[in-house]
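So the protein lines, in turn, are chains H and F.
The opening residue of the first sequence carries number 1 in the UniProt record's numbering; numbering runs sequentially from there.
The opening residue of the second sequence carries number 1 in the UniProt record's numbering; numbering runs sequentially from there.
The set of hints was computed from the structure by calculation and includes no laboratory data.
Don't be surprised by glycine CBs; every beta carbon is placed ideally from N, CA and C.
Any given hint might turn out to be false.
Claimed, not checked - Derived DSBU-like pairs: lysine-lysine, alpha-carbon spacing no greater than 35 Å straight-line:
1) H/206 x F/103
2) F/14 x H/70
3) H/66 x F/217
Claimed, not checked - Where chain H lies over chain F, by a calculated footprint (3+ residues, C-beta under 8 Å):
4) 18-26
5) 52-60
6) 63-72
7) 168-180
Listed below are the residues making up each chain.
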Amino acid sequence: MAAPRVAVVGAGLIGLSTALRIAEVNPNCCSITLLSEQFSPNTTSDVAAGMLIPHTYPGTPIHVQKQWFKETFTYLFAISNSNEASEAGIHLVSGWQIFKNLSDVEVPFWSDIVLGFRPMSAAELQKFPHHSHGQAFTTFKCDCPPYLLWLEKRLKANGVQIHTRKVTDLWELHSEYDIVVNCAGIGARQLVGDQQLFPIRGQVLKVHAPWVKNFIRDGDGLTYIYPGIDRVTLGGTREKESWRLSPDPGTTKDIFDRCCSLEPSLQRAQDIRVKVGLRPSRSCVRLQREVLSQGGAKLLVVHNYGHGSGGFSVHRGTAEEAAHLVGECIAALQGSSSRAKL
Amino acid sequence: MFSDGVFPHRLWNKETFEYLLGYLNSPEAKEMGLFLISGYNLFKQPVPDPSWKNIVLGFRNLTPKELELFPGYSYGWFNTALMLECRSYLPWLTNRLAQRGVKFFHRKVESFKEMFSQGIDVVVNCTGIRAGELQPDPALQPARGQVIKVLAPWVKHFIITHDMESGIYSSPYVIPGSEFTVLGGIYQQGNWNEENSAQDHKSIWERCCRLLPTLQKAEIVQEWSGLRPARPSVRLERESIGHGRSRTEVIHNYGHGGFGITIHWGCAMAAARLLGNILQEKQSQSHL
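For reference, chain F alone in the conformation it holds in the complex (with noise of 0.2 Å):
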C-alpha cells in the first residue's frame, strides 16, 4: 500500500484498485481471493493523509475512543481496502491465461540470448528479486521479510503500524486473511537469507501480541521469509538488446517491493502497451 507518492505508482495504485473492485461483486471473487477488509494504519503522532486516501473507500482519521483500542498510539487512520490472496489469484490468473491458449514451461532462463536464439521477439521480464541474474541490477535489492501465520478468525481488521523512524514494514502488522492471519513487522534490506530467525520470531510475536493482546491464544499455523525486491521505483520500460538479426525487445516488470499486489495490473497494462507500440513498429517495419 505504500507507494511512497511516486509518479506513476499512485497511477498503477489507482487502476489496480478500480480494476479489482469491478470484479468484487461478480462470481469469481471468491476463487480469485478477492475480498473487502477494513482496518486501520496507527501512528505516534500526526502525519499528512496518504496519496492513496482518494484510491481506498471511507477514508477518515481515528476518533479518540477508536485510539483507546491501541495503546501507545496516538494517531490514526481508518479504511476499506481490497485483499487479494495470490494462493487463489495465482491460479485464478493461471487458468485464464491457459484459456486463451499461453503456454507454460517450467524452465529456467539462463539469459536473454538465450531467448534470442529460439527465436523469441519480445521477452516480458518479470522475473522480481532474480531480475540481477539476467542483467545486473545494483538499484535492486532484497528486502527481507518474515511473516507468522496463524489461526485467528476472530480478527476481522488489518491493523498496520508505523514507526517514523525505523521505516515502512518494520512495525508491527496484522492481517487477517480468509483462512489465516499474517503477523509480520520485519523489512531488512539487503538480506538474502530466506531461512527463518528465531530471533525475527519472537520480535514479530511480542509486538503483535503488544499490539492485539488476544493474538496471545491464537495457534501458530506456519512461518515464512521471503525477499522483497526492493527498487527505489518500479523498473517499467522497454530495452532492445542485441543488435541486427539478433536483436530483442525487451520489456522489464520488476522491483515492486512490499507493494506489488497493491500496483500490478497498472503496471500489467503499462507492460501491455509498451507491448502494443512493440507490436505496431514491427508491422509498420514489415511494410517497408
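Here chain H stands alone, though its shape is the one from the complex (with noise of 0.2 Å):
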C-alpha cells in the first residue's frame, strides 16, 4: 500500500504543532500536507498573548491535564535554552497572579510545574492595594506570530506540503487523503457541526510598553498584563457565544482602565492596537478518532480542537496525543490493506 496520506487542517497553534509531532513521530512513512484558510497573522493564536498558564477543562481529568501541561513546558524549556529561543517567540516571564479574596485563593494543579511557585509577601502585595494574596511564578510565553512561523519552518524543514484552501466539509477531502487531522479549532463549529464548542469572545490591546517587565494576573481571569517581545498585552474579556470579530471601543476603554490599575505605568504605553479573537471552548478538548464512511469509501479522522483559552498551555501534549492517533490509524490502513491482500 501506498504511503497514507495525512492532510493536517487549520494552521493555528494546535494545527501546526499537531502537522509538526506527526512528522516528528512517523518520519517517512506518510506524506503530510497543512491545509488552512487562514495563516499567522490572522489565527486566533495571534490574538492570543500564549502565556502558560493552564485553564482548567471541567471535562478531563486533572492528571491528563496535568501531563498535557508539562510535556508542553518540557518542550518550551528546551527550546528557550537553545539559540533558536528569540526566533521561535518563547521567553521566560515572572509575575504575579493576584486575587482580591482569600476564598478565591487555590494552589492550582499546575503550581510544581511552573518555576518557583510561592505565595506573594506581604511587600510585594504592597504594590497591589486592592488586592489581598497573591501567587509568584515564573512561566512561558509564545509570542505570535513568530512561534507560530516558526513551527511552518520546521514543518517546511520536515517535508510537510503547506496549502492555502478553505475546506468546508472532511468529506470533500476523502479521495485526495486517507487520514484527515481536524485542527480547526472555531471553525470546527461549521466544519463537523459540533454544537459543543461555542466562542467566548476576548478582546486585547498590544501595546508598548518595553519597560513591563513581569506579568500580572487577576485570578478572577478577566484583567492580565503579559509582556511579550515587542508589545505588552493588555486584557481581557470572555464573553460567552460571542462572534463578534470586530473591536468595541469602549471595551477598549475598560480594559485599559483596570490595567492601568494594576500598573499605573501603562497611563505611559504607546501605539495601542486592538485584537479580538473567538476562544474555541468546549469542557473538554475534542481528542479522538472517528471514521467518515460514504458508500465503499472511507476517511479516518482524528480531531483536535476545542482548547478554548488554554491552547498554548497544552498544545505540545495533544499534539502529542494526536499524533498517537494519527499512529493508530495508519496501523489500521496498513492492517485493513494488507487483509486486502489475501
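Mind docking these for me? Both chains are given alone in their own frames, and the hints should help you get the complex.
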C-alpha cells in the first residue's frame, strides 16, 4: 500500500504543532499536507498572549491536563535554552497572580510544573493595594506570530506541504487523503457541526510599554498584563457565545483602565492596537478518532480542537496524543490493506 | 547591589529602595526610568544569604529546575528588584531641581579655594571618580568597566553571575533595560582607560552568550567604558577647609563604586542631614 496521505486542517497553534508532531513521530511513513484558510498573523492564536498558564477543562481528568501541560512546558523549556529561542518567540517571564479575596485563592494543579511557585510576600502585595493575596511564579510566553512562523519553518524542513485552502466539509478530502486531522479550532463549529463548541470572545490591547517586565494577572482571569517581546498584551474579556470579531471601543477603554489600575505606568503606553479572538471553547478538548464513510469509501479522522483559553498551555501534549491517534490510524489502514491482499 | 554588608551601606540601600518603591505606582515612574524587574543571581557553590535579602522583594533560593536553565551554576537566588535608568532619571532630577530654582553652571571647578573666594559657604562634593583632583584621596581608585548594549527584548530577567575567585562585577551579567539589554562583566582596579578594549569585548560577548545562548541573535547597538569610583567605603562626611573668614564647609559624598544607584538616595539624605547641621550651627553662631 502506498504511504498514507495525511491532511491536517488548520494553521493555528494546534494545527501547526500537531502537524509537526506527526512528522516527528512518523518520519518517512506518510505524506503530510497542511491545509488552512488562514495563516499567521490572521489566526486566533495570533491574538492570544501565549502565556503558559493552564485553563482547567471541566470535562478532562486533572492528571491528563497536568500531563499535557508538563509535556508542553518541558518542550518550551528546551527551546528557550537553545539559541533558537528568540526566533521561536519563546521567553521566560516572571510575575504575579493576585486575588481580592482569600476564598478565591487556590493552589492550582500546575503549581509544581511552573518555576518557583510560591505565595507572594506582604511587601510584594503592597504594589497591589486592592488585592490581599497572590502567587508568584515564572513561566513561558510564546509570542505570535514568531512561534507560529517558527513552527511553519520546522514543518517545511520536515517535508510537510502547506496549502492555502478553505475546507468546508471534511468528506471533500476523502479522495485525496486517507487520514484527516481536524485542528480547525473555532472553525470546527461549522466544519463538523459540533454544537458543544462555542466561542468565548476575547478583546485585547497590544501596546508598546517595554519597561513592563513582569506579568500581572488578576485571579478572576479577566484582567491581565502579559509582556511579550515587542508588545505588552492587556486584557481582557470573556464573552460567551459572542461571534463578534470587530473591536469594541468601550471595551478598549475598560480594559485599559483595569490594567492601569494594576500597573499605573501603563498610562504612558504607546501605539495601542486592539485585537479580537474567539476562544474555541468546549468542556473538554475533542481529541478522538472518527471514521467517516459514504458508499464504500472511508476517511479516517482525528479530531484535535476545542482548547478554549488553554491552547498554548497544552498544545504539545495534545499534539502528542493526536500524533499517537494518527499512528493508530496508519496501523489500521496498513492492517486492512494487508487483509485486502489475502 | 553589593554593599558588602558595610554599615551604613545597608541602611542607605534600604532607604533608597523604599523611597523608589514609593514612586513605582505614581505617574512619574516611566519618566524617572523606574520599573520593577525580576531575575537571577547565580553561584557555583552555596553561599550565605546577602545582607539585602529583606530589602528586595520576594527573595528566595533557586529551585533545581530553575538551575537547569543555567548549566555550570549550582546555586542561586531569585528576587524582584528595581531598575532606575539614569538616562531618564538624571533629566527627571534636573527638572525637579530647576523647578525649585536651583541654578546650573557648566564649569570646571579647580579647587575648594576657588569656592571660598566666590563666597560659597558650603560645598557638596559629588565629583565621583575625579574627586582626587580637588583633594588627593588614595583610597579612591577607578574600577574600570566595559559594557555592550544589545537589542534583546525577549530577555525579561536580569542574570548576574558570581565567581568567588574573580570577584564582584567581573563575572558575566545580563541586565535588560527598557530599550537595550546591557551585557557586562569587567572590573579592572586601577585602570583609568576609558577606551573600549577589543579583548574585553570578546570576553563579555563570549561569556554572556555562553550564559544565555539566545544572545547570539542579539544586535549590538553600542559599546561603552566607564570608571566606577571605587573606595573601601563611601566618603560621606563633613570637612572644614580653610580658617577664619575664609572657612568653607565641605560635605563629601563620593566613592560609590558600582552601587551608586543602589544607595544614592540614602546617601543624599545623609548629606542633607549634614547640611542641616551646618545650617543650624551657622544660625546659632549668628546669634552670638
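Structure-based check of all given hints:
{"no.": "1", "hint": "H/206 x F/103", "result": "violated, 42 Å"}
{"no.": "2", "hint": "F/14 x H/70", "result": "violated, 39 Å"}
{"no.": "3", "hint": "H/66 x F/217", "result": "holds, 33 Å"}
{"no.": "4", "hint": "18-26", "result": "holds (count 4)"}
{"no.": "5", "hint": "52-60", "result": "holds (count 3)"}
{"no.": "6", "hint": "63-72", "result": "holds (count 5)"}
{"no.": "7", "hint": "168-180", "result": "holds (count 3)"}
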